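Whenever a hint applies, use it, and build me the whole structure from the sequences.
In order, the protein sequences belong to chains A and B.
The first sequence begins at 1 in my numbering and counts up by one.
The second sequence begins at 93 in my numbering and counts up by one.
Hints were generated in silico from the structure; no laboratory data involved.
A quick note: this is a predicted structure, and the numbers were derived from the prediction, not measured.
Ideal placement from N, C-alpha and C gives every residue a C-beta, glycine not left out.
Treat the hints with caution; some may be incorrect.
[Unchecked claim] If you only want the chain A side, here are some residues facing chain B, beta carbon under 10 Å, derived:
{"no.": "1", "residue": "Ile-13"}
{"no.": "2", "residue": "Asn-24"}
{"no.": "3", "residue": "Ile-33"}
{"no.": "4", "residue": "Leu-43"}
{"no.": "5", "residue": "Glu-87"}
{"no.": "6", "residue": "Val-88"}
[Claimed, not checked] Derived CB-CB ranges, DEER-like:
{"no.": "7", "chain 1": "A", "residue 1": "Ile-51", "chain 2": "B", "residue 2": "Gly-153", "range": "44 to 54 Å"}
{"no.": "8", "chain 1": "B", "residue 1": "Val-187", "chain 2": "A", "residue 2": "Ser-58", "range": "29 to 39 Å"}
{"no.": "9", "chain 1": "B", "residue 1": "Met-452", "chain 2": "A", "residue 2": "Gln-29", "range": "10 to 20 Å"}
{"no.": "10", "chain 1": "B", "residue 1": "Leu-149", "chain 2": "A", "residue 2": "Glu-47", "range": "48 to 58 Å"}
{"no.": "11", "chain 1": "A", "residue 1": "Asp-38", "chain 2": "B", "residue 2": "Asp-501", "range": "11 to 21 Å"}
{"no.": "12", "chain 1": "A", "residue 1": "Gln-42", "chain 2": "B", "residue 2": "Glu-478", "range": "54 to 64 Å"}
{"no.": "13", "chain 1": "A", "residue 1": "Asn-31", "chain 2": "B", "residue 2": "Met-95", "range": "20 to 30 Å"}
{"no.": "14", "chain 1": "B", "residue 1": "Ile-136", "chain 2": "A", "residue 2": "Leu-45", "range": "51 to 61 Å"}
{"no.": "15", "chain 1": "A", "residue 1": "Gln-42", "chain 2": "B", "residue 2": "Met-95", "range": "44 to 54 Å"}
{"no.": "16", "chain 1": "B", "residue 1": "Met-355", "chain 2": "A", "residue 2": "Gln-29", "range": "23 to 33 Å"}
{"no.": "17", "chain 1": "B", "residue 1": "Glu-434", "chain 2": "A", "residue 2": "Pro-90", "range": "15 to 25 Å"}
{"no.": "18", "chain 1": "A", "residue 1": "Gln-29", "chain 2": "B", "residue 2": "Lys-494", "range": "12 to 22 Å"}
{"no.": "19", "chain 1": "A", "residue 1": "Asn-31", "chain 2": "B", "residue 2": "Lys-144", "range": "50 to 60 Å"}
{"no.": "20", "chain 1": "A", "residue 1": "Val-88", "chain 2": "B", "residue 2": "Met-355", "range": "48 to 58 Å"}
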Amino acid sequence: MLTKEELEHVAKIARIALSEEEVNELLPQFNDILQLLDRVRQLPLAEATAIVMTDNESEFREDVVERFEDSDAIVEQFPKKRGRYAEVPPNL
Amino acid sequence: MLMIEETLERIKSGEILPSEHLEEKIEVIEKKEWELNAFITKTIELAREQAKRVDKLVKEGGGEAFYGLVWGIKDNFALKGVRMTCASKMLENYVPPYTATPVERIMENNGVIVGKLNMDEFACGSSGETSYFGPTRNARDPEYVPGGSSSGAGAAVAAGMVDLALGSDTGGSIRNPASFNGVVGLKPTYGLVSRYGLADLAMSLDVPGPLAPDAYGIALAMDVLQGYDPRDRVTTKKRLDFLGQLDSFDPDSTRIGVSDALMEGVDTPVKKTVEHVVTFFEKKGAEIVEVELPNIWAAFPTYYLVMYPEFASAMQKFDGIKYGHRAEGNTLAELVSRTRGEGFGKEIKRRIIMGTFISMAKNAEWYNLALRARATLLQMFKQAFEKVNMIISPTVPTLPFKIGERLNDPVKMYMADALTVPANLTGIPAISFPGGWSGKLPIGVQLMGPRYSDSLLVSAVRFFEKEGSQWSE
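Given below as structure tokens:
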């Protein structure tokens with residue numbers, strides 16, 4: 001079970017500002033959901049542990065720098081910028 | 093809803109030009125969009141330019157593979173220069189600097205793109221109601237939800253606003269709206285279609301795929317969409333021949349699996365529809381085999397335990413600095429927290445916080461259990477597919493529900509995914525097609541098969557369309 005303090009802590013590390021109202025709405029929902037998810041414990045587990053989702057051999061990309069042709073389009077998307085730099089407040 | 097082959101025939105025979113076909117579709121959009129809200133951004137001018145180019149090709153005897161068929165693209169795929177919102181306030185004004193591989197393939201093959209389609213915010217939902225741009229409505233009855241998360245895709249195809257639509261499926265997001273709107277939707281084998289340029293929800297589960305009015309449309313689309321992409325390392329080099337195998341379904345050599353475990357808690361009309369389709373295949377010569385899926389119930393908790401942490405991780409990139417919504421703050425942490433608090437809707441916050449919680453060291457047991465449960469489910473399906481070629485089930489256990497009915501009850505909303513998530517957890521293909529009707533409401537039937545049986549599943553649907561009839565009450 002998740003307590004209110006725990007929920008506020010998790011929201012903080014998830015970097016999501018929640019209002020008091022949101023916390024009160026989310027808390028019972030979380031506990032309902034967690035109860036449901038906890039049922040996974042009742043599953044008799046098989047010996048198998050491998051989850052293979054692709055039949056590709058693991059391979060690494062060539063370690064070559066590719067220049068993105070339209071860097072202006074990326075800079076254009078910065079919500080706040082100074083010249084070609086994204087602006088951020090002091091990171092303290 | 094004109095079937096895809098008929099539309100193609102009209103264009104190929106010169107009866108109508110791609111541009112004229114496009115104008116017909118625009119007319120339908122103008123007539124129905126105010127009610128359905130299937131689009132977030134329309135790209136009419138772009139579509140007209142593309143159609144004009146295809147006109148010329150068709151006149152010269154070219155235009156393959158789509159000959160100007162009109163596409164809608166779910167708004168979580170990038171198309172360079174066109175706003176891509178993921179139906180979120182967070183990306184309300186985001187313009188991607190590149191194009192997704194599946195979208196690029198559609199354009200290269202002379203598909204005409206008429207707009208970006210509405211969806212649940214960041215593909216999180218089963219009803220199309222969590223969009224920042226307002227809910228989409230069901231094309232068959234606007235009082236009802238269209239299913240989700242590819243809500244606009246399902247509604248737009250069913251309403252005839254587009255010929256084909258590109259969706260994405262993480263836990264049922266193609267099949268659920270296909271079922272609720274009475275169209276066909278394929279969740280391909282994981283790795284068969286490139287995810288490059290798709291905003292990720294959960295990387296080990298996401299796969300793009302088509303929605304179409306019929307199996308032919310799915311086959312036509314898949315022959316283009318599938319294929320290795322060096323930009324997505326999980327894509328396979330294998331190719332399937334969808335159109336080539338479309339009419340080759342042989343019921344006499346097909347074993348179809350049924351299981352009581354897939355029918356638990358299923359609404360009566362949905363149950364009757366599935367039984368009707370099973371009877372059809374049996375009468376045509378298919379062998380119906382009981383398969384044991386004793387642990388299928390565990391797919392539901394396993395899915396959420398796997399998806400939440402992957403989603404929380406995928407959403408870390410939204411910070412108010414590089415792109416998207418930004419709130420101000422005196423410190424970086426404050427700026428990021430406020431940006432995310434303002435920019436994300438309820439379900440997104442719910443999932444990120446849940447994912448963060450499950451990812452905490454003290455909760456590692458849950459996640460480890462989920463991974464082992466996933467391997468257990470994989471093995472269960474592997475054993476089942478040693479006995480049968482495909483497994484039949486409902487797509488969604490219930491009929492479509494009314495708008496607003498489940499929005500504040502996440503647990504009930506999640507239940508809509510119970511029969512679609514197993515295919516995502518195990519990477520297998522699954523298709524939903526209309527098998528019956530309860531009044532105006534369509535009922536989808538799902539076929540699941542082993543990896544790379546995608547084209548077989550499409551051919552089975554084609555066979556049903558040609559030889560069978562839909563159940564109705």
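Closer than 10 Å between Cβ atoms is the bar; does Leu-43/A clear it against chain B? Give me holds or violated. 4 Å, holds
Given a hint of 10 to 20 Å, does the C-beta separation of Met-452/B and Gln-29/A actually sit inside it? Between Met-452/B and Gln-29/A, where Cβ atoms are some 18 Å apart, the hint holds.
Tell me if Asn-24/A is really an interface residue toward chain B, meaning its C-beta lies closer than 10 Å to one of theirs. Violated. Min distance 13 Å.
Outcome of range test on Cβ distance (Gln-42/A, Met-95/B; 44 to 54 Å): 46 Å, holds
Is the shortest C-beta separation between Glu-87/A and chain B less than 10 Å? 8 Å, holds
Has the hinted range 44 to 54 Å been met by the Cβ atoms of Ile-51/A and Gly-153/B? 48 Å, holds
Take a look at whether the Cβ-Cβ distance between Met-355/B and Gln-29/A falls inside 23 to 33 Å. Holds, at about 29 Å.
Should the interface hint for Ile-13/A be scored as holding, given a Cβ-Cβ cut-off of 10 Å against chain B? 6 Å, holds
Is 48 to 58 Å a correct range for the gap between the Cβ atoms of Val-88/A and Met-355/B? 55 Å, holds
Per the hint of 50 to 60 Å, is the separation of the Cβ atoms of Asn-31/A and Lys-144/B within bounds? 57 Å, holds
Asn-31/A paired with Met-95/B, Cβ distance criterion 20 to 30 Å: 49 Å, violated
Verify the CB-CB distance for Glu-434/B and Pro-90/A against the hinted window 15 to 25 Å. 21 Å, holds
Consistency with the previously given hints fails for numbers 2, 12, 13, ordered from lowest to highest.
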